[in-house]
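Chains as they are written, first to last, in this note's numbering: chain A, 1 to 439; chain B, 1001 to 1439.
You may find that some hints are simply not true.
Stated by the list, open to error - List of simulated lysine-lysine pairs, BS3-like, C-alpha gap at most 30 Å:
| no. | chain 1 | residue 1 | chain 2 | residue 2 |
| --- | --- | --- | --- | --- |
| 1 | B | Lys1170 | A | Lys170 |
| 2 | A | Lys36 | B | Lys1121 |
| 3 | A | Lys36 | B | Lys1266 |
| 4 | A | Lys266 | B | Lys1036 |
| 5 | B | Lys1074 | B | Lys1048 |
| 6 | A | Lys36 | A | Lys233 |
Said to hold, decoys possible - Example chain B residues on the side facing chain A (calculated, C-beta under 8 Å, incomplete):
| no. | residue |
| --- | --- |
| 7 | Asn1025 |
| 8 | Pro1137 |
| 9 | Gly1296 |
None of these hints come from the bench; they were simulated from the model. These numbers come from a predicted model, not from an experiment. Ideal Cβ placement from N, Cα and C applies to all residues, glycine included.
There are 2 protein chains.
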Amino acid sequence: MEQVTLGLVGGGTVGGGVFQALERNGALLSLRTGYKFHVAKVVVRDLKKPRPVPIPSELLGTDWRAVVDDPAIKLVVELMGGTSTARHVVRRALEIGKPVVTANKALLSAYGEELFALARKHQTNLYYEASVAGGIPIIKVLREGLIGNRITHLYGILNGTCNYILTRMKLEGLEFQEVLDEAQRLGYAEADPSLDIDGHDAAQKAGILASLAHGFWIRPEQVSASGIRTITKLDIQFAGQLGYTIKLLAKVKQIDPGTGANVRSKIQVSVSPTLVPNDHVLASVNHVFNAVFVRGDVVGDTLLYGRGAGQDATASAVLSDLADAAFDLRNGVQSRIPPFVSHERNRGILPLADEVSPYYVRLTVIDKPGTLAKIATLLGRAKIGISSVIQPEGHVGESVPLIFMIHDARHASMTRAMSQIGRLSVVRAPAVMIPVEQF
Amino acid sequence: MEQVTLGLVGGGTVGGGVFQALERNGALLSLRTGYKFHVAKVVVRDLKKPRPVPIPSELLGTDWRAVVDDPAIKLVVELMGGTSTARHVVRRALEIGKPVVTANKALLSAYGEELFALARKHQTNLYYEASVAGGIPIIKVLREGLIGNRITHLYGILNGTCNYILTRMKLEGLEFQEVLDEAQRLGYAEADPSLDIDGHDAAQKAGILASLAHGFWIRPEQVSASGIRTITKLDIQFAGQLGYTIKLLAKVKQIDPGTGANVRSKIQVSVSPTLVPNDHVLASVNHVFNAVFVRGDVVGDTLLYGRGAGQDATASAVLSDLADAAFDLRNGVQSRIPPFVSHERNRGILPLADEVSPYYVRLTVIDKPGTLAKIATLLGRAKIGISSVIQPEGHVGESVPLIFMIHDARHASMTRAMSQIGRLSVVRAPAVMIPVEQF
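Please work from the sequences and hints to get the whole structure.
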C-alpha cells in the first residue's frame, strides 16, 4: 500500500485529536483510500509541556522549518492555530509546492486571499474543511455538493460557546454572566471569552463561508459582528412569548439590487444575536451544536448540523482533508478543485447601515402616562413602523420593560432612532435592539 | 474553455430538471469548474409526448444506444429511472469505459454490486449522488466528508411522501387515507403509492446508504421494511401525549456482538414507522423534507436536511456529479474515489427477528375487568417487560384502545406475543406495534 508521510505542526488539542483519530481509524481510512497515512513528525512549541493526547517522544520536534522542508514529508498539516507562526508555516509549505491541510480559521480569515493565491501560484493545494464548523463538512458541501447552486442565503450557528450559553439561558432561565462563569469553570469557555461571545469567531467563519459562496474574498473587517453580552434573561423570555428563540446567527444574504442605478446585487455578511422563529429548524439547534442553513437557487433549503469544535469533530474534518490530499497526490493532481474559485459575480458588501430587517426592541422606561406616546412619536418621525408593543405584566417599580416589534427598517435608521429615544428622560437604559429573521 | 459533452438519457421530470438547471446555472458551473457542460442529445421514449420542461426538438432522440456509443459523448447521464432499459444503458456505457451519472436508486439498490464491479473492471466511474435524498449531498458526505469515521448509527427520513402524510396527520389530526387521497389528487403521491407508503422506496435508499457506510453490498431483500398504512390518527395522538412523533425511519445500526461466540458485529438495516422523541432533531423534520442523521465514532452526531426528491433537488445533485465527473475526466482520473469501497468489516445483516427495541403497542380491547390481567400475563410469560400502560380516557363503547410501552424486546418475541394476545377473546383487532428509538 502506498504511504503518505505527514508532518503535523501542532500537538495540542487539535493536533493530538488528529494523531489519536489516525491511531484509532487509520486502518479503516487505508481501506477506504488505498493509502497509509504515516505521521513522521509532530512539531510542538515545548517538548516538556503535558499534552492532551500522548504522542511518542521520538516523533516530537520543535523545528517547524526542518519538518516542512523535509523531502520525506509530502503533506503538511497545520494545527497550531494563530496567525503569526502558522502563517509562515503554511506559506513556506505552499512556496515549496507542498499541499497543506489546515484547521485555522483565524489564519484563513485574515490571510486567505494571500494563501489561496500562493497555492495557485505554486500549483499546490490548501485544504481547510476543519476551519469552519469542524464536524460539519460545510466546505465540501458548498464547494462540491452544491456547486450547481447560487447560494442566495446562508445562515449559521457557528459558535458553540455562544449557543451553549444562549441555550442554557433559555432552558434554565439563567442570566448571561451566570452561565458564562460556569462555562469558564468547566472549560467550555475561554478565560478571555471575547473572541467567542463578542461574535468575532463566528464572523471569521461567516467571512470564509461568504467568500466561498460568492466567489470573492471578504475581509474580516467587512463582516459586521455583534455578540451576546447584552442579551438578558428578560429578552429570551419575551422572545419566547412572541414565538422566537434568540441565537447568535451568521447571515450571508444576496441582496438583490433595486430598480435604480445599482445593477449589482450586494452581499450582506453579518453576525448578531437574532430572533429565530421557533418553528424554524435553526431554533432547535441547542447546546454546543453548530448548524448551517443554506438556500440554493436549485436545491432549495438545506441544513447541516453537528459539533462545530472540539478535538474529535475537528479531527474528523482533518481526516477528510487528508483523504482528499492523498487522492490528489496519487493522481498527480495538484488541485482537483482549486482551493478557492473566484467567480466574483456579486462583488460588493452591503454596509451594516443598509441592512434591512424587522427588529425586536426592549426599552427600560419609567412607568408613567405619556411614555409610549413620546417613543412612538420619535419612531414615527423616523418612518419606523411598529408592528406591536408589549408592556409585560408583573414588572413593578419605577423602571419597567417596554417591548416593540418593528417592521422592516434600515439599521442606520434604527440606531439613529434608538439614540434619540435614549435621550428621552423617561428612558432609563440603552435600548436592546435585536434583528428578527423571517427566512 | 474545455467542454464536456453530455448525453442525457431521460427527458422527464428529472431529465428536464437537469436540462433546465444547466440552462440556468451552466455559466456559474463553468466559472467554478473551468468546464462547459454541453448537452448534445436527450434520449426520450416518445418524441411526441409533452414534457415538463421544453427541450429543443433537435436535441431529442429515441435511440439510447446511438447516444451512449457516440464517440463525441464523453459522459452518460441516466435519468430515465426503472431497472430494465436503464440497466442496459448504464452497463453499456461502463463497458465502453464511459463514466455514468445516475439518479436511479432502484437500479443501484437492485444491481449496485454488479454495476460498481463493472465500473471498476472498465476503469471508469459511476456517480450517484442523486440516487438517495436528492437535495442532501449524503453520498459525498458519507464517502468523503466522514471518510475517517466508522458509521455506528445512521437514521434517515428518506421518503418525502410518507413524511408529508405523517406530518399532516399530526398537525391537522387527519387519518391516513384522507391525507393520501388528497396527496394523490395534488400529485404529491403516485397513483400506485405502494412503493412509497409500504416503505420499499425508503428501504432501497437505506440499503444503498448501509452498503456505503459498512463496505459490503446489502441486497434489497435484506432490508426489512414496513410502511405507514397501519398508522392511525389515534397512534399519532397517543405518541404525542407520550412525548413522541411517529416518523417512517430508516435505521442502519452497527450491533455490537455479545460476549459469546459471535465475534463479528452485525448490521441492522430496517425501515419502519418509529416513535422519535420530540426533543430529537429528527422529530422536527416535517412535510416533504428528508433528513439523515449520522453518528460517526470520531465526529459524533451530525444531521443533513433538505428536499429528498423533486425536479430541482435532484438536479442539484446531478450537477454536483457532473462537476466531479468533469474533474476526473480533466485529470485523466477514471475514479478519484472508487465508486464503492469494499471494507467489509461488519459483514452480516441482523435478522429482523433479532432486532431489539422498546415498543409502543396499541391494542383494541373489550372494556371489562380482567382484560389487562390476561394481556399482562401473556407478556410476562414471554418475558416482555412493560414500562407503562395507558388506558386513554374519553373512549366509550365496547372496544377501547389500550396502550403499552414495552421495554427492550426482541422483534421475534414481540410478534409471537402479539399473535397470542390477538387470540384472546377480549382483543378485537390486530395489535399495532411500533418500535421506539432512543438514539
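Hinted contact Asn1025/B with chain A - closest CB pair below 8 Å: Hint on Asn1025/B: holds, closest Cβ of chain A at ~5 Å, below 8 Å.
Holds or violated: Lys36/A to Lys1121/B, with C-alpha atoms at most 30 Å apart: holds, 24 Å
Restraint check for Lys1170/B with Lys170/A, where alpha carbons must lie at most 30 Å apart: holds, 27 Å
Pair hint outcome, Lys266/A versus Lys1036/B [Cα-Cα no greater than 30 Å]: Holds, because 27 Å separates the two Cα atoms, which is no more than 30 Å.
Pairwise hint evaluation, Lys1048/B against Lys1074/B, where the allowed Cα distance is 30 Å at most: Holds - the C-alpha atoms of Lys1048/B and Lys1074/B are around 27 Å apart, at most 30 Å.
Pair hint Lys36/A and Lys1266/B, alpha-carbon separation not exceeding 30 Å: Judged against 30 Å, a Cα distance of about 27 Å means the pair holds.
Proposed interface contact between Gly1296/B and chain A, which counts if any beta carbon pair is under 8 Å: It holds, given that the least Cβ distance between Gly1296/B and chain A is near 6 Å, below 8 Å.
Proposed interface contact between Pro1137/B and chain A, which counts if any beta carbon pair is under 8 Å: holds, 3 Å
Hinted pair Lys36/A and Lys233/A, Cα distance within 30 Å: It is violated: about 52 Å lies between the C-alpha atoms, which goes past 30 Å.
Going down the numbered hints, you'll see the structure goes against just number 6.
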